[in-house]
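S.K.: Protein sequence lines correspond, in order, to chains C and U. For the first sequence, my numbering begins at 1 and goes up steadily by one. For the second sequence, my numbering begins at 1 and goes up steadily by one.
It is worth saying that the hints were derived from the structure and are not from the lab. All values derive from a computational prediction rather than experimental measurement. We treat Cβ as the ideally placed atom computed from N, Cα and C, and that holds for glycine. Everything hinted at is true.
Which chain C residues face chain U? A few, computed with CB under 10 angstroms, are given here:
| no. | residue |
| --- | --- |
| 1 | 91 |
| 2 | 99 |
| 3 | 103 |
| 4 | 107 |
| 5 | 137 |
| 6 | 140 |
| 7 | 142 |
| 8 | 143 |
| 9 | 167 |
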Amino acid sequence: MPREPIDPSGLEWSRVSPKYLRVRLLGWLAGSLLWLVLSSVPLVLRLTGVWSSFPALWVAWALPGAALVSVLWYGVLLPRQVAAIGYAERDDDLLVRSGVFFQRTLVVPYGRMQYVDVAVGPIERIFGMCTLKLHTASPATDATIPGLPTEEGSRLREQLSARGEARLAGL
Amino acid sequence: MTAGEGPGPAPAHATGAAGPAAPDGADPVILPGETWHRVHFISPLVRGWIALVAIVFFFGRDWAEGLFEGGTRGRNSLPEGADALLAGGILLGVVLLIAGAFFVSWYFTRYQVTAEHVRVHSGVLFRQQRQARLDRVQAIDIVQPFLARIFGLAELKFEVADAGESAVRLAFLRIGQARQLRATILARAAGVTEDPERPGDVPEAPEREVVAVPPGRVIGATLLSGTSIALVLAAAAVVALGIGFDTPVIITSFIPIGIGVIGAYWSSLNTGYNFRAATSPDGIRIRYGLLDTRSQTVPPGRVQALGISQSPLWRLRGWYRVTVNVAGYGVSSSTEGQARATLLPVGTRDEVLQILALVLPDPGTPRPVEVFFAGMEGRDDPEGFTTTPRRARWLAPLAWRRNGFAVTGTALLVRSGVLWRRLVVVPHERTQSLSLHQGPLDRRLRLAGLELQTTPGPVSPRVPLADADVAWQLFHGQASRAAEARRRSGPEQWMRPVPAVVTDPPTAPGPESLPPLPPEASSVDPAAREVMPEIPRYESAGSTPNEEQHRDRP
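This is chain C alone, in the form it adopts within the complex (with noise of 0.2 angstroms):
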């Protein structure tokens, strides 16, 4: 995993199942279509002269067309937001990353955890995978890890758990 600029140095990331990434594709496919279907429709009712002259031609030809180019960038984004997300478990705390563009390194010290939700999706089932959510008191912390494969996912729930248990203080 190449090393971001804000990232602490000297740290071994793990990654995320390189299955997530299929998982991802899966919801930016649907995603994809919705959005293409939704943006088509001043253009199909106007090319079927349901609409006779509200949208001009190219404004109703620049919805979809927009909406094309955003997908597909986005589509081009996500092996690279899937490989940008990352975990590192220290001793005193645990480290979450993300994004590409804009990035974001979280630090959640062990002893501030609250409780840890493990959360599976279908299609995450499907390819054996699971979501870990970190909580603590608070509800600014986003310390979420997708696609971690389900093993990997209960053995850093009870890491956690008994992390936390050890460094417990209070609010």
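Dock chain U against chain C, hints included.
M.R.: Chain U alone, transformed into the frame defined by chain C:
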């Protein structure tokens, strides 16, 4: 949940629907005299008076209208005979039904304070049994709405860290009883062992007043608030429109504007009036209110983050507002919620320092006065502040010299804003998590933003546009400082002695590992809670803490 009795919302959750008086097996320590109590019997009336007023208004209006119609049109719509009896009966029935519902709900609501828990059982059809650990208390409020004040009653609110909803609300108790209960809860939560001869008979901790806000200043602050600016702008717009389009009718739009402004002024006055902050062994205690009065107690170590802000007009008088994040208070847009999270509605610089000294007795720097003043009104880098680098000044043309942070031994100070000045103070041990952000533009300019997550509240600590290397060092350093500070931080039961520093953190459990120590293990002398506290003060490192001197500084 990480542990059965771990921190957080779980302890306050309702348990199942077992027999109402069945003692919890996990909590066998029930001192004598810990029977179940009910709230004051008049409280249904105080709580339900709005319903009664509504009924009277509803029926009374119909009746009055009928009276007038009967008089003018010669048609008597007043019910007579059997009809009148029926109408009266229905009215009485509705009132009785509502009163009955309130009575039943009152009868089935019972509370109990044991050595470790406060429990409330409520509900008739849907029973609820709630139990909250005393040492998880984040704040205790005693609220007296106007009507309750007339009857000498008060509501007691017990807050745990569940962001908003009060864990336990006892409405209403006699005011003396509420104070007694608060003292008992706070003493037990502090870890004080009480006299076994007289359980529950805990004296109130003495308190020493630190700051009192004179009413004149509250009025002045209200008049200099943003509401006034909005009022002036609105008035100018209305007058301009009226003259420009020659439509004097538009002047009538002052009526709704006026009502809104008066409402805003009133709520600001009502919550800021007679504001007093005091220190006591139970923590910080603030009192305020004109018609509705409120007395809040925030035990030591419960303030998660503190924000000092100054609006442009307040700069004329050198006034500041201090708001805090307390886990039990949560975020609220209501006036009441905002007032709760306000530790000082309007105060001078020195009063702000006084409040800071209460929240953060150890500032972690030999020059606290200078450092905090630099944070409140300074710019550039005196007193250890690091600002946005010069190359990014066009991203924040006004604020780049002020946006910055400083680290002391105990807290992180984040400074921002030129017109609306703001300083945020986060004690190291209260940091929940940290995140570092970098967008494409930031990357090009080698910048990064740092955000500290804290419990919900009005204060959100954020360091924008810092040099990437500096931000990274801060991120890294802050994570280890937070871990170190947590290891040294005092126990949740704040009167208990601070445990020795654990030297081998990766293997040894934290100082607050559960289960809590039995009371015999390290008992706290009740007398310690009855000592009049000294007012903590920051010492200036300079020759004289003269205000004028600081004001002259660039």
